[in-house]
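Please model the complete structure; the sequences and the hints are all you need to start from.
Protein chains in written order, with this note's numbering: chain G, 1 to 379; chain W, 1001 to 1379; chain P, 2001 to 2379; chain C, 3001 to 3379.
Since the hints were derived computationally from the structure, they do not count as laboratory data. Please read these numbers as outputs of a predicted model, since none were measured by experiment. For every residue, glycine included, the Cβ atom is placed at its ideal position computed from N, Cα and C. Heads up, some of the hints might be wrong.
[Unchecked claim] Derived pair list, reagent style SDA-like, types lysine to any residue, alpha-carbon separation capped at 20 angstroms:
| no. | chain 1 | residue 1 | chain 2 | residue 2 |
| --- | --- | --- | --- | --- |
| 1 | C | Lys3131 | C | Asp3078 |
| 2 | P | Lys2005 | C | Arg3029 |
| 3 | W | Lys1192 | W | Gly1180 |
| 4 | P | Lys2005 | C | Asp3058 |
| 5 | C | Lys3005 | P | Arg2061 |
| 6 | W | Lys1131 | W | Gly1180 |
| 7 | W | Lys1005 | W | Arg1029 |
| 8 | P | Lys2005 | C | Asn3032 |
| 9 | W | Lys1005 | G | Ala54 |
| 10 | P | Lys2005 | P | Arg2369 |
| 11 | G | Lys5 | W | Ala1053 |
| 12 | G | Lys5 | G | Thr343 |
| 13 | G | Lys5 | W | Gln1059 |
[To be verified] Computed list of chain G residues with no C-beta within reach of chain W, every gap over 12 angstroms:
| no. | residue |
| --- | --- |
| 14 | Gly79 |
| 15 | His90 |
| 16 | Met97 |
| 17 | Thr159 |
| 18 | Gln169 |
| 19 | Gly231 |
| 20 | Asn301 |
| 21 | Phe346 |
| 22 | Glu355 |
| 23 | Leu368 |
Number of protein chains: 4
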Amino acid sequence: MTVAKRVRLAMIGGGSGAFIGEVHRIAARMDNRFELVAGVFNADPVRGRASAAAIGIDQGRVYENEMAMFAAEARRDDGAEAVVIVTPNHLHGAAAMAALDAGFHVICEKPMTATFAEAEALAAHVRRSGKIFVLTHTYTGYPMIRQARAMVAAGEIGTLRRVQAEYAQDWLAEPLEHRGVPGAVWRTDPAKAGLGGAIGDIGTHAFNLAGFVTGEQPTHLLADLTSFVAGRRLDDDAGILLRYASGAKGSIWVSQIAVGNGNNLSLRVYGTRGGLEWRQEAPEELWFTPLGAPKQLLRRNGAGVVDAARATSRVPSGHPEGYLEAFANLYREAADAILAARTGSFDLRALPNAEDGLRGLALITACLRSSEDGCWVAI
Amino acid sequence: MTVAKRVRLAMIGGGSGAFIGEVHRIAARMDNRFELVAGVFNADPVRGRASAAAIGIDQGRVYENEMAMFAAEARRDDGAEAVVIVTPNHLHGAAAMAALDAGFHVICEKPMTATFAEAEALAAHVRRSGKIFVLTHTYTGYPMIRQARAMVAAGEIGTLRRVQAEYAQDWLAEPLEHRGVPGAVWRTDPAKAGLGGAIGDIGTHAFNLAGFVTGEQPTHLLADLTSFVAGRRLDDDAGILLRYASGAKGSIWVSQIAVGNGNNLSLRVYGTRGGLEWRQEAPEELWFTPLGAPKQLLRRNGAGVVDAARATSRVPSGHPEGYLEAFANLYREAADAILAARTGSFDLRALPNAEDGLRGLALITACLRSSEDGCWVAI
Amino acid sequence: MTVAKRVRLAMIGGGSGAFIGEVHRIAARMDNRFELVAGVFNADPVRGRASAAAIGIDQGRVYENEMAMFAAEARRDDGAEAVVIVTPNHLHGAAAMAALDAGFHVICEKPMTATFAEAEALAAHVRRSGKIFVLTHTYTGYPMIRQARAMVAAGEIGTLRRVQAEYAQDWLAEPLEHRGVPGAVWRTDPAKAGLGGAIGDIGTHAFNLAGFVTGEQPTHLLADLTSFVAGRRLDDDAGILLRYASGAKGSIWVSQIAVGNGNNLSLRVYGTRGGLEWRQEAPEELWFTPLGAPKQLLRRNGAGVVDAARATSRVPSGHPEGYLEAFANLYREAADAILAARTGSFDLRALPNAEDGLRGLALITACLRSSEDGCWVAI
Amino acid sequence: MTVAKRVRLAMIGGGSGAFIGEVHRIAARMDNRFELVAGVFNADPVRGRASAAAIGIDQGRVYENEMAMFAAEARRDDGAEAVVIVTPNHLHGAAAMAALDAGFHVICEKPMTATFAEAEALAAHVRRSGKIFVLTHTYTGYPMIRQARAMVAAGEIGTLRRVQAEYAQDWLAEPLEHRGVPGAVWRTDPAKAGLGGAIGDIGTHAFNLAGFVTGEQPTHLLADLTSFVAGRRLDDDAGILLRYASGAKGSIWVSQIAVGNGNNLSLRVYGTRGGLEWRQEAPEELWFTPLGAPKQLLRRNGAGVVDAARATSRVPSGHPEGYLEAFANLYREAADAILAARTGSFDLRALPNAEDGLRGLALITACLRSSEDGCWVAI
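Now the structure itself:
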């Protein structure tokens, strides 16, 4: 008789009202594999306690800062064993390193840190720690992305030739940061977001997704970053060309000013024997064209879908799953790893990790340099 | 400081492995408004306890039958206050009536009962009980369905003329019941499913949805039911024409043998001033054409969307929500009602209820009669 | 060395300004297989001659009535050998019979006549005449409809179970006939259109297309016709259920008041082994789902497309062909038949003919009777 | 009484069997504004005469070379007044210059010439000639592209920020030139195609379209050209970034090896106040999103469409027009200009001309230089 075991989780950031904190909580809850037991929700203790109450956390386990939480939770028999970090970007690094030092596993929002140097330090720290570090590149959790990855790995498209990734939004088409919209304020502030604007916020997702599906990383890139909105301090649009060691070529377009685009992440990959096309806003569908044959529409849990994709699926084909389910897939796999780590070794399998985080910061750094110099740069 | 309150819920049916039981559990958990505390998961006590363990229910609160559960839970201070019924159809009625008698609120799968007579009895029982009875017509929980309903009510399409509803699947295109597939076995068995096959299983959803959005109910129908698969005892396809007192006309097509259709529920409504079109497999999109103007694509949480739709939404536009979120919306609203009922009166608002359940059985009954006689019948 | 031969054609109706006349002229011209040499364009001789000038017809070959034209053209060595009839419906029958009597081949707009009796007489006339009679059910000319027909005939969907045909428009959602819009005036006038409104104008197309693709004709139908627009004398919407001798079932929805629909003809057919789905507004695409396999997107001139479909195609896949090309396919095939008839026997192959026209009038008649009686009727 | 006047046209290249020659003939014929009277169809006189016979050209007006044709036709009262050039690229320039010198108007396939120097010479020649020179950038003929152009000009998207153009095909994913496929052989041969492969064949279309719609031309570009197929002598894929004087940015992706793409040209333009999106394979639809409002689907001849778009339309909305109709729109406008030129001055209006051709060669030249140097270059 298998008894359901749950991971005890603490949260840093994500007080009630913060979009991404609530997303993490829903994702953690969906499969009942986590119990949120503690948190540092706000620098202001009064607001922090109010958040905890609204979320349903015991007032005795709301802390004023991470160090206090790590110390207190480490002393409890039923203390948190993992922490999730959902603060603005510049706070990720220190919190993650302290958590690892205190013996906690870490689930962390992307980009991993605000600077490349910090990312290097953290990645090294993770390697030494023996702890689990999961970076929530949400879109890797979609079943049909798992399907695409499996198909590329199985040679279904042959040798990779072309990668076309796009991540287009329009919510920053106007200067929302000047109107005080919270998510816009910190995302356009170099002190909090780091030196990448759109490229850090969403470009890292597109870049990570391309690597996740193709299994290849580019060696060089050329980028052209723009801040279209007057007074904006970070990029809100970027065109990027990629070159791979294999000879493959790629392109990433990132924009937060493309009017008519909500959260339009897409990936198309073409090889010698076939092509695959996917769009996040219709995530249940993966288009596959074998060379010389009709285009096929593969659907989550439908005909032709591999076990690796089925394993991340909850309901039958035709009953749409979406963003929260993709997110919950990362949490489910993180729970598997953390529970395995209780008694022995763990395997992160497909989960994005600190090395992915480091690559994300390398992307931002390379884009900034290339855009300034107008040249191809190594990544 | 608002403290999160949660409804204490017990489940009847839905042992681990049952598709719909797990869907209800995820939906109940998603917004953290319910705590699943007890259950009767299986007629076999050993399997029932195993399910409880897997689900994470205290072994002391797994019961061998409903009556035992009602009695025991009613005695506890922390006992369940609501039950959810996810058994095969023929068991809904008795369980629901007993639960109401024992003072529990009820959340029930559709169709409400296996027979019209039983539905009448249950609906009367609900009216007398003062308890909450929610029928999980999941699709009414979609935000863009709420949007459509609000727009029709606000006169955006003018006077209703035409309703086109479809619910097409293909999973019963072959005789799965003869191969022992569990969901197919009971759904094609009149003793367990009632006298409606496809018409009961999915036709009631399409019918309910049309009424939910238009605010009108047909007075007469003509139906042609077919069992295409050799040896099948219930219908697996139905064509239905509808007439409304207002002069509006409608059509419902229901099929479980339409190869290429997964869970293809769609609704199109046309009036004197506009048209609305929605498809469950792309549930984030509602197409609106005002007479003489371009077609508009309304998206969940996007421009032009009313508060009633936004209220059932968790993440920004472009981050797809789906079936589980729609289901969770019903649970969230049920929690609101149940918590309100703790201290006073409640309001089911848009939630499907026993009257909807009664109409669903009236649909099945009328379709069977019309199909046999080849005539229009009153509904 | 093959020298291009062209059919000499005369037109009845379709003076400049008439939509459908110009469509026929473009279609006849597209493949350079016809030469329009004569015509009766208008009852008013002055306007008729003006039309001829604008169209580029020799003034000496504009006639004031059909009989004069038939006589004069028959005397010329280079006289017309075929006539195309594009008048309002009530004039088709007499013109066609006179043309056949005078020895001309006939291309005729649908519906074939205004009454069933007249259709019977004309069909009999055609059978006796030995002449070519082509009814321009345009939509049968689409390459992907040819593909669908070939696939059904080849058994790709197995035994037919379900036919879902729709033809929805919105241009008559308002009483345009009361505002004097010419096409609306005659189409809603029983004296000119016959007794079918939407059912005659577009329902016959949907019905014909279903028969063309499936190769089966229903034996019984039940119809519910409505005139939604106040004061309208003919139906503008119809729901129809179909029963086939094979046990297959079908449905046709026809509407000219469905706001948001331009010329939304669609056909879906489902059998024991597969399903096919096609939509006139995206005519290059045919969706094919083999039972248990992923949905495939077949495209005109693309992979998996049969010769019968390729033969009706002019440009490569991805260079959209449309309505005029479909129309021109009928003309091209009519030219083949007429040129063959010059020297011997001809074969109409897939071309819609007088028997199709008769079935169209049978449909209208049956729908009217069923709608009035509320009963299933034989067709 | 207006009498239809027709332009007398001669063709160079495009013997029977050549794809693009037949496309031009259909386009010229569609609106009955041209009469094809003469031609040089093939270097081999026997095959040239056979082509003429098949096409329906008088054998006395088939010529063995351009100079003979120009001389003979110029002497006739009913001689050709315009020539259309549909040879491989390297022959365009000389033929066009000779035609202009002989007093003929010219309609010419793109790219205008094989080299930039030749393009400069021809453009200068055209300026001096007083003759009409039309470059058949087909896609500018689509009604919804005219709509997009008009909307941008009217300020509907505000100040331009981003241009995303793509032209993806897959027909050269394999080395067809080594298998002797005629269209592949010359298109991959630098001596016949010029120095641009995909960039010349289709990149020039995408580039032209972007300029046509936005009214802006980039000042700098960065390109990365690839020949993916082993042994191919010209590029079959290109990633290009664009910079505009206005500060706008752009991207063009061109590929002939992207498996699953037929003729997938698309254009998306985003400004401060709105966005427009169009795809050649669904050419009837233009998506317009005004900032902060729902996305609208504008359809050819539908609501919200301007006169400039309606003027290039033949049939009502919902009756698909396509590639041949777009092509015919250029011919129709060329006929208007040529007929006007008979008696006075002409206006090419929206028609692509020699300046566009020059810009196309500038694109190819700049792409080659940038791709070799890895730097931004002026265009």
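Unmet hints by their number, sorted upward, for this structure: 6, 10, 18, 20
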